[in-house]
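K.L.:
Read off the chains here:
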Amino acid sequence: MKIAIDVQNSGETPDNAPERGFLVALARDVKLAARSKGEVIQALAFFIVVASLFPLAIGPESALLKRIAPGVVWVAALLSVLLTLPRLFANDYADGTLEQLALSVYPLPVIVLGKIVAHWLMAGLPLALLSPLLGLQFGLESRELVVLFASLMLGTPVLSMIGAIGAALTLGVRGGSILLALLVLPLYIPVLIFGAGAVEQAMVALDFSANLSLLGAILLLGGLVVPFAAAAAVKISLD
Amino acid sequence: MSLYKYASPAAFYPLAGKLIPWFAGLATIFGIIGVYLGPFAAPTDYQQGEVYRILFIHVPAASIGMFIYVVMAIYGVLALTFNTRLSAMMMEALAPTGAIFTGLALWTGSMWGKPTWGTYWVWDARVTSTLILLFLYIGYMALVNAIEDKKRADKAGALLVIVGSVNIPIIHYSVTWWNTLHQGASVTVTAAPKMASVMLTPMLSIGIACWLYAIAISLVRVRAIILEREHGRNAAWVTAEFATTKGVAAS
Numbered sequence: 000m001k002i003a004i005d006v007q008n009s010g011e012t013p014d015n016a017p018e019r020g021f022l023v024a025l026a027r028d029v030k031l032a033a034r035s036k037g038e039v040i041q042a043l044a045f046f047i048v049v050a051s052l053f054p055l056a057i058g059p060e061s062a063l064l065k066r067i068a069p070g071v072v073w074v075a076a077l078l079s080v081l082l083t084l085p086r087l088f089a090n091d092y093a094d095g096t097l098e099q100l101a102l103s104v105y106p107l108p109v110i111v112l113g114k115i116v117a118h119w120l121m122a123g124l125p126l127a128l129l130s131p132l133l134g135l136q137f138g139l140e141s142r143e144l145v146v147l148f149a150s151l152m153l154g155t156p157v158l159s160m161i162g163a164i165g166a167a168l169t170l171g172v173r174g175g176s177i178l179l180a181l182l183v184l185p186l187y188i189p190v191l192i193f194g195a196g197a198v199e200q201a202m203v204a205l206d207f208s209a210n211l212s213l214l215g216a217i218l219l220l221g222g223l224v225v226p227f228a229a230a231a232a233v234k235i236s237l238d
Numbered sequence: 000m001s002l003y004k005y006a007s008p009a010a011f012y013p014l015a016g017k018l019i020p021w022f023a024g025l026a027t028i029f030g031i032i033g034v035y036l037g038p039f040a041a042p043t044d045y046q047q048g049e050v051y052r053i054l055f056i057h058v059p060a061a062s063i064g065m066f067i068y069v070v071m072a073i074y075g076v077l078a079l080t081f082n083t084r085l086s087a088m089m090m091e092a093l094a095p096t097g098a099i100f101t102g103l104a105l106w107t108g109s110m111w112g113k114p115t116w117g118t119y120w121v122w123d124a125r126v127t128s129t130l131i132l133l134f135l136y137i138g139y140m141a142l143v144n145a146i147e148d149k150k151r152a153d154k155a156g157a158l159l160v161i162v163g164s165v166n167i168p169i170i171h172y173s174v175t176w177w178n179t180l181h182q183g184a185s186v187t188v189t190a191a192p193k194m195a196s197v198m199l200t201p202m203l204s205i206g207i208a209c210w211l212y213a214i215a216i217s218l219v220r221v222r223a224i225i226l227e228r229e230h231g232r233n234a235a236w237v238t239a240e241f242a243t244t245k246g247v248a249a250s
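Sequence lines, in order, name chains S and G.
With numbering that gives the first Met the number 0, you'll find the first sequence wraps up at 238, consecutive numbering, no jumps.
With numbering that gives the first Met the number 0, you'll find the second sequence wraps up at 250, consecutive numbering, no jumps.
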């Protein structure tokens with residue numbers, strides 16, 4: 000599928016300004032995702048199905064379900080993002096677009112950051128938006144739902160970032176999807192701990208701000224470092 | 000003559016061959032001393048009984064398991080910045096040893112935990128971090144094995160280990176804080192035990208033996224990797240090496 004890159008240039012920035020590379024990559028990936036809405040919906044459905052398995056496996060006892068809710072929602076989010084990671088680079092790698100992007104006038108880290116943001120908009124943001132609904136099913140109170148939403152809003156971009164490095168390293172590798180899970184899931188652990196931890200703190204009426212601050216700190220640090228690491232990974236895979 | 004010449008696999012191969020007997024020999028000597036002092040000479044602990052002797056191997060294994068990952072990360076930086084093939088080969092040679100010692104630390108830890116803590120497994124911060132470290136080793140080895148192009152496998156593995164090593168402090172602190180949040184510290188292994196020297200000496204000698212063994216076995220492995228890779232590139236010295244070594248078929 001060929002998609003023209005059609006970000007209007009207002010004329011204020013030169014055509015090869017790095018920020019345009021970000022916008023071009025972002026707009027292209029969002030457009031591609033918008034043309035295959037099924038994938039976004041499938042990831043959301045997967046998120047709900049996985050979370051629904053836990054009450055069925057453990058039993059309908061509401062106190063217990065409420066107790067495990069933060070962990071269940073976070074693990075479901077982790078797995079759902081994991082399944083969407085190949086979408087980041089695999090198609091572009093297969094049809095050669097990734098090589099063209101790497102050769103373009105824009106710096107590769109900027110393009111990669113654009114793709115990561117697009118991935119988050121399509122894979123992470125929907126999960127965060129839907130999470131209060133899942134939380135309700137598990138009997139969380141309104142305050143806890145807000146914290147759950149906030150923790151996912153801060154945490155899921157980090158999942159896209161770390162995932163981008165793993166996705167780039169495993170491009171075109173046989174058995175790639177399981178390998179990707181093996182590489183990425185251990186690195187997801189801090190996000191899982193702080194994200195689910197924030198909600199648990201809120202449930203026992205403790206101050207949850209430390210966990211959210213730590214998630215924010217990881218997000219900032221990741222935003223600074225990951226584009227370069229992921230771009231290096233893309234280059235290694237293209238060599 | 001400069002030390003840098005040993006960055007070439009062809010120059011490092013014979014050097015490693017000369018070093019291996021020394022490391023292996025010293026490892027054996029320290030091992031024998033440690034195995035005598037630890038299980039036989041050291042007295043029974045008045046609190047833990049005989050079980051504490053597991054720590055003579057557990058503590059060195061845990062420290063080596065962690066340290067090898069750091070060494071791999073340093074080699075990873077060298078491999079990516081200076082593009083030295085030997086650095087990546089060293090990473091590949093070190094990884095199985097690191098994974099084995101990490102696994103050994105977990106295994107001996109649970110053997111020690113059952114009689115002492117009353118359970119094989121605790122989600123203690125240290126135990127959990129060590130388990131995640133084992134996952135990182137497994138991920139590295141799986142990635143390097145899955146990529147057929149060796150050049151790409153080297154670089155991909157190097158980048159992964161660097162990313163992992165940046166993550167290790169974050170993982171460690173997250174697990175520590177998670178642990179204090181979830182349960183009160185029922186048992187702390189963090190408090191440094193005041194050890195009598197009769198107990199410290201065996202641990203040190205077994206520790207030194209494990210270190211020397213780790214170095215020796217990694218050098219053996221890196222020699223095999225060098226031969227395999229250079230043979231694939233049809234390097235003349237490898238063909239000569241095969242011709243002079245009886246019992247190794249030069250295919």
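Note that these hints are calculated values from the structure, not bench results.
A quick note: this is a predicted structure, and the numbers were derived from the prediction, not measured.
One thing to keep in mind: the hints can contain errors.
[To be verified] Only pairs whose alpha carbons sit at most 27 angstroms apart, straight line, appear in this in silico DSS-like list of lysine-lysine:
{"hint": "1", "chain 1": "S", "residue 1": "LYS234", "chain 2": "G", "residue 2": "LYS150"}
{"hint": "2", "chain 1": "S", "residue 1": "LYS234", "chain 2": "G", "residue 2": "LYS149"}
{"hint": "3", "chain 1": "G", "residue 1": "LYS4", "chain 2": "G", "residue 2": "LYS113"}
{"hint": "4", "chain 1": "G", "residue 1": "LYS149", "chain 2": "G", "residue 2": "LYS4"}
{"hint": "5", "chain 1": "G", "residue 1": "LYS17", "chain 2": "G", "residue 2": "LYS4"}
{"hint": "6", "chain 1": "S", "residue 1": "LYS65", "chain 2": "S", "residue 2": "LYS234"}
K.L.:
Each hint needs a verdict: does it hold in this structure or not?
P.N.:
Here is how each hint holds up against the structure:
no. : hint                : result
1   : S:LYS234 - G:LYS150 : 12 angstroms, holds
2   : S:LYS234 - G:LYS149 : 15 angstroms, holds
3   : G:LYS4 - G:LYS113   : 51 angstroms, violated
4   : G:LYS149 - G:LYS4   : 22 angstroms, holds
5   : G:LYS17 - G:LYS4    : 16 angstroms, holds
6   : S:LYS65 - S:LYS234  : 45 angstroms, violated
Hints 3 and 6 from the list above are not met by this structure, while the remaining hints are.
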